[in-house]
Structure formats: structure tokens, C-alpha cells
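J.: Starting from the known structure of chain B, fit chain R onto it as the hints suggest.
Protein sequence lines correspond, in order, to chains B and R.
Sequential numbering from 557 applies to the first sequence in this note's numbering.
Sequential numbering from 2 applies to the second sequence in this note's numbering.
Don't read these hints as lab results, they were simulated from the structure.
Cβ coordinates follow ideal geometry from the N, Cα and C atoms, glycine included.
Mixed in with the good hints, there may be bad ones.
Using 25 Å as the maximum straight-line C-alpha spacing, the simulated SDA-like pairs for lysine to any residue come out as follows [to be verified]:
#1 R:Lys452 / B:His1093
#2 B:Lys1067 / R:Trp188
#3 R:Lys54 / B:Glu1101
#4 R:Lys452 / B:Pro1104
#5 B:Lys1067 / R:Thr183
#6 R:Lys421 / B:Glu1101
#7 R:Lys468 / B:Gly1097
#8 R:Lys171 / B:Thr1121
#9 R:Lys171 / B:Pro1104
#10 R:Lys79 / R:Asp25
#11 R:Lys373 / B:Arg977
#12 R:Lys468 / R:Pro441
#13 B:Lys897 / R:Arg99
#14 R:Lys452 / B:Gln744
#15 R:Lys440 / B:Gln616
#16 B:Lys1067 / R:Ala189
#17 R:Lys468 / B:Gln616
#18 R:Lys79 / R:Gln19
#19 R:Lys373 / R:Ala281
#20 R:Lys421 / B:Leu659
#21 B:Lys1062 / R:Thr190
#22 B:Lys1067 / R:Leu172
#23 R:Lys303 / B:Thr886
#24 R:Lys421 / B:Pro1104
#25 R:Lys468 / B:Phe1102
#26 R:Lys468 / B:Met732
#27 R:Lys421 / B:Gln744
#28 B:Lys1062 / R:Asp25
Some chain B residues near chain R, calculated using beta-carbon distances under 10 Å [claimed, not checked]:
#29 Phe750
#30 Ile996
#31 Tyr1084
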Amino acid sequence: MLSDDVFLELQGIVGADNATREPAILDTYAFQYIAELIVGDNYMGRPCAVVMPGGTEEVQAIVRLCNRESIPYKAISTGWGAYGGSPAPGMLQLDLRRMNRILQIDADNMYAVVEPYVVGATLQAEAMGLGLNCHIAGSGANTSLLASATSVMGQGATGVFTGFSNRNLLGFEWVMPDGELLRVGCLQDSGEWFTGDGPGPSLRGVIRGFAGAFGGFGVFTKCAVKLYPWYGPRALELTGVSPDYEATVPENHAVYLISFRGWQDMKDFGNMVGEAEIAFALIHTPAAPAVVGVTRSNKEFHDLWKSGLFEHMKYSLEVVLTAGNAEEFTYQRDVLEDVIKWTGGKVALCSITGPRYYMDLAVALSRLVRQAGIKKTLRGTPALLTYMATEWRNGRTPALFAKALYLGLIKQCLQARCVFRPGGSFWTSMGGLTSWDCCIENAIEGERIKRGWIEKGILMDDGAEQGWGMLYESGAYAHCEEVAFYDQSDPVCVEGSMGYVTDTVKATIDKHLAMSLNATGDPFHAWYSPHVMNYHHHVAGIKEEFDPANLSEASTYINRGITETLIKLIEEGGGENLDFKDILTLADNEEAPAGTDAGRPAE
Amino acid sequence: MGVEGLSEAVSSGSVVTQKELMEDYGAGNGRKGALPAAVVFCETADDVVGLTKWARENGRKILPVSSAPPHESAVVQKEGYVVCDLSRMKRIVRADRRNRVALAEVGVTFEELDGALERVGLRAMTPLAPRTGKSVVASYLDRTPTLVPRAQWDLSDPLLCTEVIMGSGKLFRTGCSSGPGTLEEQWATGQAQKNPMGPSAFDFFRIVQGSRGSMGIVTWASMKCELRPRVHELLMLPSDDLAPLIRIVYGIAHARWGEECLILDSNNLTRLTGVPGMPAFALLVGVAGFDYRPEQRVSYQKRGIEGIISSEGARVSRSIAGVGGRRMLQVITSPSDPYWKGSPAEHADVYFLTTMNRAPDFVSVIDETCKKEKFDRAQVGLYLQPQLGGRVTHFEATVFAPREEADRMTRALAEAAAAKGAYFSRPAGNWDDLAYRDKPLLVETFRRTKKIFDPDGVMNPDVLFCKEVV
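One chain only, chain B, in its complex shape (with noise of 0.2 Å):
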């Protein structure tokens, strides 16, 4: 319970508008993401207040504000689910979104510093402006880049190009756990941002990981970011009507979707094209999504679908091709067309129409057919047909899909429509780092296991096999993660999905597919920190002598004392009986409040 004196005090920092203790406003933060996976309701724990600082000073105010009267706090920019709240109600949040300034964009150098709630959408369009582009994660283009820089994860469709948020991170400020405010890199030096390491060791490697801290580790108010050359056109020609958009697929820029025969081809396919270093995208999109987005309502969705053809069009890439001159497109188009037919590619989809690829295409159809079976086929056909013929009546020829492909690319502007719509809620799971080869092995593994949840009903039919994989650097490493759609209303749905992530999991270690992307929160470092070094005693040992009081609300970072007594059930009470709900029931009954340190061993 936050007093009048100290909320008193919180508006003083802030200014009376920027702090409330409404109910129903608090409400409204609470209401999160996979809320019900984490404490079985849509709301996480009520905060005890919400102030929107509008610069570093206020924030700094406002931590040190925490740390004297023992508040528990949390800052979210855009937010993106239950991770920007608590478990446990009281806890203070931060709400960013008046620091929404781009500070500069240094285009010599390909930078710009931004605010926490500066979004994917507004630097990408300025960037563009000044012939750069920037990463996107998969949240979105309407979520905040210094999140994912210094916080939260950074996978991203275009990352073959652009990289991953964690490696475009330079100089950032930093509000420390307990207020100190650290200007870390080149910064104290000579007031610019262009690198964030040394000097000597790197304090990147203290604030985050692979994953990141998820806002439990101080508030970050400032960061600078790698911008990429983009060699398109200054802004990109728009049309269509909501909710179909597309774009001019521009002069030397050109978009593919590449069928394959099975994996191995994906594999040889994936490799190849990130080391010869000619693609600005590489990404594999599950069928199902792909359905939902060129579908306006999950009626459209389900009409398609139940065609029972679309699942069997899993061994699928699309690349997109960007190029500062035509000599150079014309030998990226000249290696991806060598790559695709050494690898057996034939491309389904393509915005550079011609008889060549009409040709390709009726092949791509035929071994759809061949994979379906005929029967299947004949049975589905005249749903696609119907979808087909409605499409085009309306004006949608492949060209337009091409195009709306394009878009959907270079903006990442159809996450939220893809994973929220089918099923109401979605998970993800596996997508560990690591090469493309394993990658592939984890969307193998992640469809067995997929498949047995669809068929026990808990999970939406999407045909099991939905690995959203990409490369990044040049393909010098990869993700493919395993979303899968769920319920998020239904209980048993939302225990099902539980026991879907509990399996892919396990499997990851149990067959050594890479740490997944799960690997944040208690929960998740009992499983996985007794097989990886037990790197959860070095993760507790930064947050404990940075936060020695654990102020910074942590529940999807660390709380050692947690970690460590989960780890210890599962080793007592076998962890292969225990599922991620049990874990979870087990780390409800062993939540230290934020603010407290008995979660922590004793010296």
C-alpha cells in the first residue's frame, strides 16, 4: 500500500497528470499478456501506483524514491505482456511513454539515440528518410527499440541484414537498481553514443544476455542503436485499405517465397544464402500464420484452412532481395536462382513475375499435391479455389500478395494479427540461438510435439508445424521458434499449452536442441541452469550486489532464492514428472515479494 505522503512525494517528482492511483487505470496495466499462464489470471498483481516520468532526472527521482521507502518497481515502455508487470500486487510502474524523443540520428556514422518509447514504425520511417533502416524485433514495428536493445530478447525477420537487438546496442544511460545513473561507454568521453563497451570489459554483458533483464534490473532512459544502409526508395509507396496493405516492391529490391522438398533442402538453402551474403531477409513463416494474414476475419482463416492443404506447405523461405545498384540485384538474383536450384527450390511466389515463374510455380503446386495426397487435395481444392477466385475478383493477384509480402517484411507490420487472432492468445517456445542446421532440428522436434497437443485438443490445429525461424548476421546464427495458438479463456486450454512448453522444454535438453527462448524467470532457470554451467548463480550473483534489496521487480529475471528451491523440488520430486504448472504452483508458494530478500541464502 503506497501512502499519501510518498504518492504525494511520486507527484511532485512527476506532476499531479503523470501519477494515479486509479483502480480502474491500474487495472488496465495489470491486464496483460499471458497473464493466465503466470498467476492463472488475466491480471497480473495490481501495482500499487503508475507515474510516467518524462526524463532521466525524474526516474532517477523516482528509484531513489523505491529504495528509501523499500517499493518494489518496474518500468514498461510499449509493453508487450505479462513480463512489464508483477506476480505479486504493490509494486510501483513506470509508464515511459512520454520519453518518446528520437535524439539524434547520426547518419555518417549509421546511429541513433533514442527514448524508451521510441518505436520500431517512427525510427524505421525517419531512418528511411536518411537512406537507413533499422532492426525490428518480432514484437512489432509498434514496440520500443531500447526495449528490446537493452532488455528483452531482439529476434527480428530481417536480422540476416540487421542483425539482433542485443548486438545493435551501443551507448546507453542507465538508471541503476538503487538510482545511481550510469552513462555507460563512450559517452563520458566525448558525448557521443557510437559504442557502449569498455572501457576494458563490457557492461553489456552485466545488463543482459540473450535474453535480457525484462525491467528487472534499474530503468534504462536513453540508448543508441545501429541503423543499416537501406537502398530502397525515401519512403515506401503505400496502398490498399485496412487491413490490407501493400507496398511498390521498389527498382533492384524483389521478394521470393521458395518451396522445398523437406528440410535438409531448408537447411543447405539457409546456409548457403546467409554466407553468400545477398538477402536483406531470410525467414521461414509457418503456414498458418501466412494463412492468417492474407485472411481479413478468422471465419476467412478457417474457410481456408480447412482446405487440409496450406499445412502441408511447411518447407517454405522467403527472401527478400535489396540492392544500392542493378549490378549488384542483378548477382544477388543470379546467386539466389543458382541456390534455389542446387537446393530444389522452386519459388511459389515471387514480386518479379515471368513464364519462369508461372513454371516454378505449377511445380511448387504439384508437389503440394504429391505431399497432401490426391485425396486431401481433391477434397480441398475447392475451398482454395473459391478463396482464389474471390481474391481475385477483388483485385488480389499474386503480384499484390508479392507486394503485401514485401510490406509485411520490411515493416514487420503483421505480427499482432497473425499470433493474436486464430486462437486469441499464442506461446512460443524453443528458438534457441544457434546455427540455422539446429534450427531446422528444432522445428522437427517442435512439430512432434506440437502435433500431440493438437490431437489431445488443447492447442489450435495449425498443423502442427509453425517454426518462426530467420538468420541473423549473415547467418552466422540463427532462431526458429515454435509458436503455438491457444485459448486463452478456456482453463484447460491454458493448462494444455502449460504442458506444450513443458515438452519442448525438456526436449531441448533432453536432446541438446540449444537453450530456448524461454529461458527467463525462475521457473524456466530451474529447468534449464542445472543442464547450461548453472549459470543462475552468476545471473543472482549480478542482480544481488546490484540490487542487493531486490527492488527492481524481477519475477521474469531472477530471484536466486526461487531458483534454487525449484531446483531442488524438481531434483527431489523427479523433474521429469513435474510440468511447467507445477513449477509454477511451486514458485506461487515460494514467491519472495519483491522488496524482501528472503528469498536469498543465507551468508
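T.: Same frame as chain B, but now just chain R:
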């Protein structure tokens, strides 16, 4: 101080205490220093673990060394240290063409690695003409700039996963090599230790990198490699003026063309090639074709780069002072023996990060400081290395003079550069303290971080942020 029990602590390593065999690690070559109490030649990670535990129990400090002598910065400064010499750890565990990754122990040198990589069609990312005997992993751990900015996605590149022994004596693996599974089990699923990040919510490799052994001792590392070029040419552009070269570098960086890309001044060009009469500056840009239509790649990139150059009214030279592109390429990419800068007694470096457009300011700083210090400007060599895809520039000034004089000048140059905003991201030499001056919170943050992983302060605790800040 004795070293009782040390031999027993390192089962396969050998312990040396003879003074004449330990001089390489302390005073000498014009460097101040102290003699170590012992040198332990570790051959396995277990040896390093054993040594670390022994050091904790006996209140000793450890200086890790992995390159062959002469040692530049890895020199014992105070008495009581034990040197952990890893130069005998020379296994190249894996050279993986499909994943463009190598995994090598810390004693492997550039010349050794390159031989193994060549056999599978790869090449290592090299710094400018490293000295023979230089450890690849040590070079990468020091964030020494490599020559191909396009291939550098993070200043930590090309370093990927590492095996580290912390000051606590714990062995840890970073990035995806941490598990699940052993290396062999990971290879069986197609993994190749390619992702350096993590595990989970910290990047320990970033904390170890740049720490000069003060956060832990690395025994092996995986590293990004490049495809070995099928066709490889060097475009050379001499110029009396730095400004157009800078604009060209930006043009190339924004196009993401080219391989090697660096600017050297006449002094460094002469020292590298042994040929006098070099131009004031030269921009060197490699163009290569790999396994995919190599000639076509070289053709379009060469035409594009030449277009950028001609927009500045300049033209590529077939040779500079009689040195052709092929020879120059060989010189800058190959290990150098004898080392082109001479011995540590004959030179000293000062280097920092800036952006390419600020480079002329720092050239002026060099000119003015030499004048002020009455030092012959002709004895200072300049090397500008774009990094991180051209977003950052490594600015390096090498003072070619007897050590004492070189140290005096590098200190003066560093002070002057610091006043203009130079960022000493890799503190070294007698100017390392400048990196931490007026940054008490940063120093304290580093010290607290060290304490987490090295609670007793056994890992090289008299360098960097551990030193008293003047």
C-alpha cells in the same frame, strides 16, 4: 614467497621458477615490471582450475599469458604473481566450413589457425599484420580491431563462445556452448558454438573480453571465420589529404562493399613494406569473391567502389611506391616476422575509438603534440581502422622510439587526445588510467562486477579499473 604445492595443483602443467626462464614475463624490453614467483605452463583447463584454487588458498595473483614472447602488455607489474602461460594449449578443436566457425585453444597463433582453416576453405579474421606467435584468442579477447569492417557486427566480433575459469575457480562456458549438452552432443544436433550471447540474462564473454585477464582465464574460444576468397584484389588509393579518403570510407561502408578497409600513413606503410617514399595516406580496400559467382561479385563491387572513388576526383593506383596490390594485401593480412613495429623496446602505441569524421581532429592533435613535445612527427605512424561496419574507427598512433621516449610521447598524445574526446575503450600502456579518470561510478561498477566472479581478487588485479585512478 614460496610456491609450495603448486606443482601438485596443476596435474599436467609444468611449473618453472628459474629466474632466467621467467624474465620474459617481467621487467625487460624497456618495460618496468617485477619477476613472477613462478610460471605455470598449463596444458588443460583442469590445470587452470588447479592453479586458480591454489592461488586463492595461498593469496597469490595470476597473470594469464597466451602468446609467445615478447610480451607487450601481459607483463608482471608487482611481486607475488604467478604467470599462467597458456601458449602450449594449441589444439584446433574444430574448423567447420558449413558453419564458418573455428574452435581453438588459447595458445593457437594466427599462422597455425590459418593453415587449418585454409584446408577447409575458410580464413581467420586478422588484425593488421599481427606479430608471429600472437595468440588468436588473446587478440580477440583484447578486442584488437580486425581488417574487415563489413564482417564485424559487434565490437566483440569475431569472438563467439568461450570456456573460462573464473577467479572463484569455477569453470564456465559462455554463449550457446554453455549447454544443454557437451560440445560433442551439440555438434551432433548441428550446433557449432555460433551464438556468443548468454546463457540467459548475462553475456559473460563481454565481461571477460577486454578485461586483460582480470575477470577470468579463457582456455578456448570459438570464432567467426570468413570464407576463403576465390578472387581477392586490393584497391589502393594514395592521398595527401585525409578528407577525401574519409568520405570514400563512408561511401563504401554504406554500400556494404569490400573486405579489408583501412587507412595507413606513410610511416606505417613504409614500416610494413620496407619501402620508402610512401604517400601521406593511403586507403586500402580489399575486394573479394567467394564461393558464389566470385568474379561477378568482384566485378560489381570493384565498379561500385571505383565509382565512389571517382566521385572524389580520385583514381585507384595500381601500385604505391612500387608496391603492388597483391604484395600489399599479403603484408597487411599475414603475420609479420620480424614484427613490423619492432620489439616492445622500440615502440609504443596509443589507440582509442572515435568516428571516422573526427579522425582529422585527432591527426591535428598528433601534429600539435609532437610540436609541443619537440618530438619528430616523422617517427609517429598512424593507422585508422573502420570497425563495426564503419560506425566506429580505431585510431592508432605508434611512436617509433626507444621505449622511455616512446612512453613519454604516448602519454602526451593520450592526454591531448583525451582532451578532445578520445575514447580509450581498450586501456593499455602507460595511459590506461586515462580511461577511468573522473568516472568513479564506472570504476566502482567494474570493481563490483569483478568481485562477483573473482571474490578473492586473484585474477590479474592490478590492471585497468583495479588500479588506483590518478
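J.: For every hint, state whether the structure bears it out.
T.: Consistency of the hints with the structure:
1. Under the criterion of a C-alpha separation no larger than 25 Å, the hint pairing Lys452 of chain R with His1093 of chain B is consistent with the structure, at around 14 Å.
2. A hinted pair counts as satisfied when its Cα atoms are at most 25 Å apart, and Lys1067 of chain B with Trp188 of chain R qualifies at roughly 11 Å.
3. Of the pairs offered as hints, the one joining Lys54 of chain R and Glu1101 of chain B holds, with about 23 Å between alpha carbons and a cut-off of 25 Å not exceeded.
4. About 14 Å separates the Cα atoms of Lys452 of chain R and Pro1104 of chain B, which keeps this hinted pair within 25 Å; it holds.
5. Only pairs whose Cα atoms come within 25 Å are accepted, and Lys1067 of chain B paired with Thr183 of chain R is accepted, the gap being roughly 11 Å.
6. At most 25 Å may separate the alpha-carbon atoms for a hinted pair to count; Lys421 of chain R and Glu1101 of chain B exceed this at roughly 35 Å.
7. The suggested pairing of Lys468 of chain R with Gly1097 of chain B holds, with an alpha-carbon distance near 23 Å, which does not exceed 25 Å.
8. Restraint check: the Cα-Cα separation between Lys171 of chain R and Thr1121 of chain B comes to about 22 Å, which is no more than 25 Å; the hinted pair holds.
9. For a cut-off of 25 Å, the pair hint linking Lys171 of chain R to Pro1104 of chain B stands: about 23 Å separates their Cα positions.
10. At roughly 14 Å between alpha-carbon atoms, Lys79 of chain R and Asp25 of chain R fall within 25 Å of each other, so this suggested pair holds.
11. Straight-line distance between C-alpha atoms of Lys373 of chain R and Arg977 of chain B comes to about 70 Å, which puts the hinted pair past the 25 Å bound.
12. Under the criterion of a C-alpha separation no larger than 25 Å, the hint pairing Lys468 of chain R with Pro441 of chain R is consistent with the structure, at around 12 Å.
13. With a C-alpha separation of about 19 Å, the suggested pair Lys897 of chain B and Arg99 of chain R falls inside the 25 Å cut-off, and the hint holds.
14. Note on Lys452 of chain R and Gln744 of chain B: the hinted pairing holds, with a Cα-Cα distance of about 24 Å set against a maximum of 25 Å.
15. Note on Lys440 of chain R and Gln616 of chain B: the hinted pairing holds, with a Cα-Cα distance of about 18 Å set against a maximum of 25 Å.
16. Note on Lys1067 of chain B and Ala189 of chain R: the hinted pairing holds, with a Cα-Cα distance of about 10 Å set against a maximum of 25 Å.
17. Note on Lys468 of chain R and Gln616 of chain B: the hinted pairing is violated, with a Cα-Cα distance of about 29 Å set against a maximum of 25 Å.
18. For the given pair, Lys79 of chain R sits about 18 Å from Gln19 of chain R by alpha-carbon distance, which is consistent with the 25 Å threshold.
19. With a C-alpha separation of about 21 Å, the suggested pair Lys373 of chain R and Ala281 of chain R falls inside the 25 Å cut-off, and the hint holds.
20. This hinted pair checks out: Lys421 of chain R and Leu659 of chain B have alpha carbons roughly 23 Å apart, not beyond 25 Å.
21. The suggested pairing of Lys1062 of chain B with Thr190 of chain R holds, with an alpha-carbon distance near 15 Å, which does not exceed 25 Å.
22. A hinted pair counts as satisfied when its Cα atoms are at most 25 Å apart, and Lys1067 of chain B with Leu172 of chain R qualifies at roughly 23 Å.
23. Simply put, Lys303 of chain R and Thr886 of chain B have alpha-carbon atoms about 15 Å apart, close enough for the 25 Å limit, and the pair holds.
24. Restraint check for Lys421 of chain R and Pro1104 of chain B: not satisfied, since their Cα atoms lie roughly 38 Å apart, outside the 25 Å limit.
25. About 21 Å separates the Cα atoms of Lys468 of chain R and Phe1102 of chain B, which keeps this hinted pair within 25 Å; it holds.
26. Between the alpha carbons of Lys468 of chain R and Met732 of chain B the distance comes to roughly 24 Å, so the proposed pair stays at or under 25 Å and holds.
27. For the proposed pair Lys421 of chain R and Gln744 of chain B, the alpha carbon gap of about 12 Å is at most 25 Å, so the pair holds.
28. Proximity of Lys1062 of chain B to Asp25 of chain R is assessed by CA-CA distance (about 51 Å); at most 25 Å being required, the pair is judged violated.
29. The criterion of a C-beta within 10 Å of any C-beta in chain R is met by Phe750 of chain B, whose closest approach is roughly 5 Å, and the hint holds.
30. Below 10 Å, beta-carbon pairs count as interface contacts, and Ile996 of chain B has one with chain R at about 8 Å; its hint therefore holds.
31. Interface restraint check: Tyr1084 of chain B against chain R, minimum CB-CB distance 7 Å, threshold 10 Å, status holds.
Hint compliance for this structure: hints 6, 11, 17, 24 and 28 are not met, and every other hint is.
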